[in-house]
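Engineer: Given the sequences, and given the hints that come with them, work out the whole structure.
Chains as they are written, first to last, in the working numbering: chain L, -13 to 105; chain Y, -8 to 253.
I should point out that these hints are in silico values taken from the structure, not numbers from a laboratory.
Backbone N, C-alpha and C define an ideal beta-carbon position, used for all residues, glycine too.
Mixed in with the good hints there might be a few duds.
Claimed, not checked - A short, non-exhaustive set of chain L residues, derived as facing chain Y with CB atoms under 8 Å:
#1 V13
#2 T14
#3 K37
#4 R54
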Amino acid sequence: MSEHSEHIVSPKIYATILAALLVGTVVTVYAAKIDLGRWNIVLALTIAVTKMTLVILFFMHGKYSARRTKLIIASGFFWLAIMLVLTLADYTTRHAEPSRSQLCPVPALTAPASAAASV
Amino acid sequence: MHRTGELYGQFQTLEQQKESATLGMWVFLITEILFFGGLFMAYTVNRHAFPTAFGVSGNMLDLNLGFFNTIVLIASSFTMAMSVWSAQTSRKKAVPAWLIATLILGSAFLGIKVVEYKQKFDHHLIPGYHFDITYCSNNPGACGLSGKELDDEKKEIKEGIEAEANEAKKRGAPNPEEVGLTALNAHAQLYFSLYFGMTGLHALHMIIGAGLLLWLIFEGLKGRFDANYNTPVENIGLYWHFVDIVWIFLFPLLYLINRHLA
Chain L
-13 MSEHSEHIVS PKIYATILAA LLVGTVVTVY AAKIDLGRWN IVLALTIAVT
37 KMTLVILFFM HGKYSARRTK LIIASGFFWL AIMLVLTLAD YTTRHAEPSR
87 SQLCPVPALT APASAAASV
Chain Y
-8 MHRTGELYGQ FQTLEQQKES ATLGMWVFLI TEILFFGGLF MAYTVNRHAF
42 PTAFGVSGNM LDLNLGFFNT IVLIASSFTM AMSVWSAQTS RKKAVPAWLI
92 ATLILGSAFL GIKVVEYKQK FDHHLIPGYH FDITYCSNNP GACGLSGKEL
142 DDEKKEIKEG IEAEANEAKK RGAPNPEEVG LTALNAHAQL YFSLYFGMTG
192 LHALHMIIGA GLLLWLIFEG LKGRFDANYN TPVENIGLYW HFVDIVWIFL
242 FPLLYLINRH LA
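Structural biologist: Have a look at this one:
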């Protein structure tokens, strides 16, 4: 019932992935210093997701694991995506001011005591 | 009782037994993804609300130390993967050797993290009563700031205060020019709370991982792990790689995404 589960990944592949991860780290640092406006964050996260994918597929043997295990791995990210997407759908579409004040009221922003007394 | 890789009664084949162990480890790692996911969510929402303060704060981290630590941690993932390979191919002596290399790299990461935390402590960047985002620009000598670095930091803080004052003005605060610095300090503390919370929880995972590695090294030296039985090496390896992945996201999010403004 189970496909032969023990697939041995060779040191050559591990070394290649190591090199790719190191290159990715250097690229992300240099890319961060270039002003790309809002695309800086997009690029940084794209590189991070790529690095993560390499780690999962090869270091963690995701590419060679049973289909059931792959499904479990994917489900974890699916649940994470639900949290991120639904929460951001709320925060990014709210009017900026209430969101800001609800998150962290700044004590000094309230009127001084003397002003409050006169109201 | 010592497990050596024999087939247990509840499984039909060794493959099935092995696959169950891997599956179980992944189920645990998924709870970890969601555990850290909550913190990443908190970071995202707060960053969205206070981009200026988060930008100023993020640029106060030591990029060189963060970069070096990323390299160290990635290298430790490689040595961990090599110990799994050594076990799978029955290179019994290589298993503890690669594990020791992993432990050394992991400890180096934690050591550098201690240096960074100490630096933040000295720079008055620990959230609380003594938090002061302007400490380094006001006491450049104490922080080793000079020349362009100092000018950049002063400029960034000035712009940060102005941005916060504008925000306060929009909200109808009676004294917008006075509250700029207070607001910047308040919101920067949110950043540093998240910084210490996230890197602290990550470091705790590293410490637990180091403990697990010690046990693996101890057992590996006895020659317990080979092609027949290496589930602990493989599963602790999965855990170690997971901790590496968390850092792969922490590094750009905390250290990098505002460098282009510096």
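Engineer: Take the hints in turn and mark each one as holding or not.
Structural biologist: For each hint, the structure was consulted:
A least Cβ separation of about 11 Å between V13 of chain L and chain Y goes past the 8 Å threshold, and the interface hint is therefore violated. The interface hint given for T14 of chain L holds, since its Cβ lies 6 Å from the closest Cβ of chain Y, which is under the 8 Å cut-off. Hint status for K37 of chain L relative to chain Y: holds, with the closest Cβ pair at about 5 Å, below 8 Å. Here the hint on R54 of chain L is kept, as its CB sits about 6 Å from the closest CB of chain Y, short of 8 Å.
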